[in-house]
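Q: Sequences are here, hints too, so could you generate the full structure?
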Amino acid sequence: MGPTVSRRAVFGGSLALPFLGRSGFAAAPIPLGAINPLTGAGGAYGPSMAKVAQALTARINSTGGVLGRSIALDIEDDQTNPTVAVEAAHKLIDVNKVVAIVGTWASSVTTAVAPLCWQSHTMLFCTSGADSITKLPHHGYIIRTQPNTYLQSGRAAQFLLQHGARSVFGLSAQTPFAVDSWNRLAAVLKTGGASGAGDIIYDPKQISFRSEIGKALAAKPDTLFLNSYAPDLEILLRETYQAGFSGNRFTFAYAATDAVLQALPASVTNGLWSFAPSPDVASPAYRAVQAILGINDPDPYSCQIYDHVSLVVLAIARAGAASGVAIHDNVRKISQGTGEKVSDPVAGLKLLAAGKEINYEGASGPCDFTPSGDIVSCKFLFQVAENKHNKTLFIS
Amino acid sequence: MSFLQALVNGALAGAVLALPALGFNTVYAVLRFPNFAIASIATAGAYAGWIANVLWGWPAPPALLVAFVAAGAVGATTDALALRPLRLRGPLTAAIGSVALDLLLQNALRFGFGNDPRGYDLPVFRDWRLAGISIGPQEVEDAGLAFITMTALFLLLRFTRIGKTMRAVADNASLAESKGIDPARVAWIANGVGFGLAGIGGTLVALDTSLDPLTGFRVLLSIFAAAVVGGLGSIPGAIAGAFMIGIGEELSTLALAPTYRTAIGFLAILVVLSFRPRGLLGERAY
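Residue numbers (the numbering used here), protein chains in the order written: chain A, 741 to 1136; chain B, 5 to 290.
Treat the hints as calculated values from the structure; they're not laboratory data. Honestly, I wouldn't trust all of these hints.
Claimed, not checked - One-sided excerpt, in silico: chain A residues whose CB lies under 10 Å from chain B:
| hint | residue |
| --- | --- |
| 1 | F1015 |
| 2 | S1063 |
| 3 | V1065 |
To be verified - Below, simulated SDA-like cross-link-like pairs (lysine to any residue); rule was C-alpha separation at most 25 Å, straight line:
| hint | chain 1 | residue 1 | chain 2 | residue 2 |
| --- | --- | --- | --- | --- |
| 4 | A | K875 | A | A926 |
| 5 | A | K1128 | B | G118 |
| 6 | A | K955 | B | L8 |
| 7 | A | K945 | B | G252 |
Note that the coordinates shown come from a computational prediction; the quantities given were computed from them, not determined experimentally. For each residue, glycine too, the CB sits at the ideal point set by N, CA and C.
A: See below:
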């Protein structure tokens, strides 16, 4: 995982930003909220997401802010827990009066927070994958930089078909995207001549999955699709190995973390395939995220939150007003179309100030959005576990 | 999956669950309030075991001893510092305080060790196949270590002076005090032993699964259900309850989707509190 940021630093930085802004700007800061999984199942990603949002906000403020105002970023920890996230969203919307919330990660969190956002005309930028999120009646107040389940599972099924899978069994943690994910995967497998041998949705808070694994292996699959988070993936890998399964295993990269691979013997994890939406590694914005985190391979979610903050400030600048409605009405005007391509939000602000149109292309990809808020396309990274580390197979 | 396989899986899970349930009831028997901080104290024990196993290179049995000592020390110390004053205001206040203490300890562990799951430096073996039944060698070893620990607890309570004073306070605290038994000292011992058992239980859970700050929290409902079903404060009841919950959860998967497995714990608590509020074996400690 990337470098960590302490809660104290996040808290202190969040408190300090409004005062820094007041010292150098004539008008009051523009309040921006971030709800990140600093702890809980998504805790491997939240700290680096928060660090990127902080660093980019600080850079924008140091170069003059937006509309002559600084950005006051308030970061809240959702503990990867929708109940905690709702409390955080209430605080950000009702107390801080934020114009947008960026960086919700878990689908359950985004689903819980979304109604509060569209009811208050607060824009919500998320990295969650569940299809159901953009099907909510959000009236355009949700933008998602993560490919939806349909896009992801379809690409996963193509990978499995290319690698000879003929009978796939799904073991999925109980999440809002579990059913959609499996249905899409099974549908694409079927068109390729393979089959979904069955699926089980499990409660990830268990200490053993032996019964679920017993049922799965009874179907004699050649591949297991492990739709898990990191803690339950570790148990599933251990127990499928113990149960004698020697076929292929495929999961999401956010579950197959280095920590999971380090926690188990290589004999248990070797050969585990994982995939993730890939950032645009050729983008200058991607290099900016690398520089902020001081690592070569920042995770996709840190890249996405970089784009969230960029989209927010550029939409505000394009609108000439700082509000959720202004962002709602202008986010597609600065992210797609025939304007000048730009990957640096500060450069984009200068072009907008000069009266030019822009097309932001960010660290996570082209940032072109459908009317429902989904991204149109992105690349995917496929990797395989070898000797306790993930090795890149290809990006496609 | 066969009925017999579910039975075996449940029995092995129950054996591991029995230790933290025993710890929970040991503390309850003497101090008369449910200490929910046992979840994070079990996790703290598991981290101590991890340090012994991974950083010091010790095998599992001595690592379990380290877990016992560390969890016992954390449990007894935090009780003395945070919960003893609350006990004077009644068991409900102390129970609520223990929830807050649990969250505090959980975040302290997160601060110290991070969120990433960790594993012990132990080999993972393929299951044995016996007459069509799969049995994991690690699970059998865990169950054996749990059985040895339970036996040691029974010997302690049955034959030692410390055990007798604990039983005396559990049976009638006022009478025990009138006979010269210091209740504060017994509270220290009960917390040390009870939370030490939880620490071993937490380590065994982590050996089977993964170690992160929520390891103990994941089994808290099952621990509480086992304690209530067997009888709050009852030592044999904790063991009986743990096996009933472990086996019940596994057998439920034969008829229900696995997603509903954890509902068995809730159901067991509701049924027992409705029809036999003192639990299957009553409140008698031993």
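Q: Hint by hint, where does the structure go against what was stated? Just the numbers, ascending.
A: 1, 2 and 3
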